[in-house]
Each structure stands twice: as C-alpha cells, then as structure tokens.
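Chemist: Chains A and B, in that order, are what the protein sequence lines are.
Quick note: the first sequence uses the numbering used here, first residue 1, plus one each step.
Quick note: the second sequence uses the numbering used here, first residue 1, plus one each step.
Fair warning: there could be bad hints in the mix.
[Unchecked claim] Just a few of them, taken from the derived set where beta-carbon distance is under 7 Å, the chain A residues facing chain B:
no., residue
1, Lys36
2, Leu63
3, Met64
Think of the hints as simulated: they come from the structure by calculation, not from any bench.
Glycine included, each C-beta is placed from N, C-alpha and C at the ideal position.
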Amino acid sequence: MTITLNGQTENFPANEMSIMELLQTKKINWKLLIIKHNGRYIKRAAYEATVLREGDDIMVLSLMDGG
Amino acid sequence: MIYAIELNDMAKSTKEQISDYLKQFTVGIAGCGGLGSNAAMALARVGVGKLLLADFAIITPQCLDRQYFFAGQVGKLKVHGLRDNILKANPQVNVKAFDIKLCTSDVIELFATCNVVIEAFDKAEMKQMIIETMLTNLPHIPLVVGVGIAGWGKDVDAHVRRSDNLIICGDEVSALSDQLPVLAPRVGLVAHMQANEVLKLLLKDFILKTADQP
Chain A
1 MTITLNGQTE
11 NFPANEMSIM
21 ELLQTKKINW
31 KLLIIKHNGR
41 YIKRAAYEAT
51 VLREGDDIMV
61 LSLMDGG
Chain B
1 MIYAIELNDM
11 AKSTKEQISD
21 YLKQFTVGIA
31 GCGGLGSNAA
41 MALARVGVGK
51 LLLADFAIIT
61 PQCLDRQYFF
71 AGQVGKLKVH
81 GLRDNILKAN
91 PQVNVKAFDI
101 KLCTSDVIEL
111 FATCNVVIEA
121 FDKAEMKQMI
131 IETMLTNLPH
141 IPLVVGVGIA
151 GWGKDVDAHV
161 RRSDNLIICG
171 DEVSALSDQL
181 PVLAPRVGLV
191 AHMQANEVLK
201 LLLKDFILKT
211 ADQP
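Sequences and hints are given; from them, build the entire structure.
Modeler: So, in structure tokens, the structure goes:
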C-alpha cells in the first residue's frame, strides 16, 4: 500500500497496518508523539487499533524537551 | 513636490497600517521562557493588540542567558517581568499575565478567544498536553509549536511545516540534553520563526491602502 507520511509518499508491502506497526517499521521510538490520521488526532491508546489503508495520510510529530 | 508630500501625509506607511490592522488580534503565549518571551516581544513590537501570557515560573539568574529578561528582574514572576518588558517596548499592547501552570481545562478557558496560540513550553509532556487539547477542543484556532531547538548552528535544519491548524517550527530532532543545551541564538531563531508564522496568519487578509486608494 502507498500512504503519505509527513507529506512524503511511502510504500509498504502490507495491504494494511496499524499505527503501532508503522512506528515500529519506521523506527519512530520517541516517547511522546503527536499523530494525526487523515487529519484526525489519534490518542496513544488507539495506536494499536487504528488501521492504515491505501491512500491514507499520516502526520507524526516527535516531541522533545527545549523551549 | 508639495503635492507629493501631501500625498505621503495622507497615506499611512505600510508599517503603520500593519500595526493598526494587528490591533484587532489576540495571541496566546503558553510558556514564557526562551521561546515564549522572545516570540511575545516580537509580536508586541509589530503591534499585536492583545497578548495573553501564561507561565508559573520565576525569573532566575539562569534565565538571563536566553530569555527576554534582565538582571534586575530576578525573583519576579516571568509573566510579570515579560509584561513589563513588553509595555516598555510598546505601551499600546494590552497584556494579560496569568501566573498559572496550564492544564487542559485552563488551555480551553484561557485561549478560546485567541486568534492564534504559540506553544512555548520547555517540557515535552506539556507540549503534548497543549497540542492534544487544542487539536481536540479548539481545532479552529491555529497553534504554532516549537520543537527541536537545542544546540547551535544547524540553522538550515530549522523549518516550518503545517498540518492544518498545527504549525511546527524547529528541526524536530535537537532535544535538550546535558550535551546539547538551549542557547540564545537558536532558541531565538525558532521563537522568531513562530512569531513570523503568527504574523503570516494574522495578515492573510491584510490589504495595503495606497494614497489614491483610500
């Protein structure tokens, strides 16, 4: 499947995958994240249950100290 | 020649028109440290009408190396010190100072009337709290966040990206650590990127009036 991750087109062999699987595949391992799926904010508790499909748009923001 | 001078007198300068236009807007500043104090000063100088400042911390000597405070203000609340400094730069700004450690319900109550909000916290957990709160409860209000500001150099890595009403400024990788402190030039750079994004949003419908087009 092809999805858009932070504005970039990305291809994956699987036809669908959870947000958790996407994070593992992309080695995104920051403790605190902001994730939007097709424009909708996804709480951390829903990373496992939220399934990505062909054409979906994902925004991932890693949060870190400093301000 | 005289005619030309009269025309110039009639038309306000671009800067004057911009500051007049900006008077109608309110910007929330969540956190008044390195990002918040510098961004707030920039917005005050261009003439944003109202600034809502929120922070619970006190100015310490360690703040002075990067935050918009002065040695004589050590011991004061940051929101009070920043209010004083803003009013010295531009007495016309309406500044509301809130001595508060923001939680979800405070964010909703305090920032509901803002045109734009700047996220300027130092802790990642607080950044998450305000982003989650704004995206969930106040999604119509743009939120400009600063993420990845520690260290020095790497100016080309700092960028702006947008996801609807969430605007992200910074390099998104440089986390504060013992080896990578937050230093004045780079935190100032990102703070001013945030202020610039706010200005871009506020001025999106601004129309410059010329002398023959009152």
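Chemist: Against this structure, judge whether each hint is valid.
Modeler: Now the hints, each set against the structure:
Interface hint at Lys36 (chain A): satisfied, since its Cβ lies 6 Å from the closest Cβ of chain B, which is below the 7 Å cut-off. Satisfaction of the interface hint for Leu63 (chain A) is found here, the shortest Cβ-Cβ separation to chain B being roughly 4 Å, below the 7 Å cut-off. A hinted interface residue such as Met64 (chain A) counts as satisfied when its beta carbon comes closer than 7 Å to some beta carbon of chain B; here the least separation is about 3 Å, so the hint holds.
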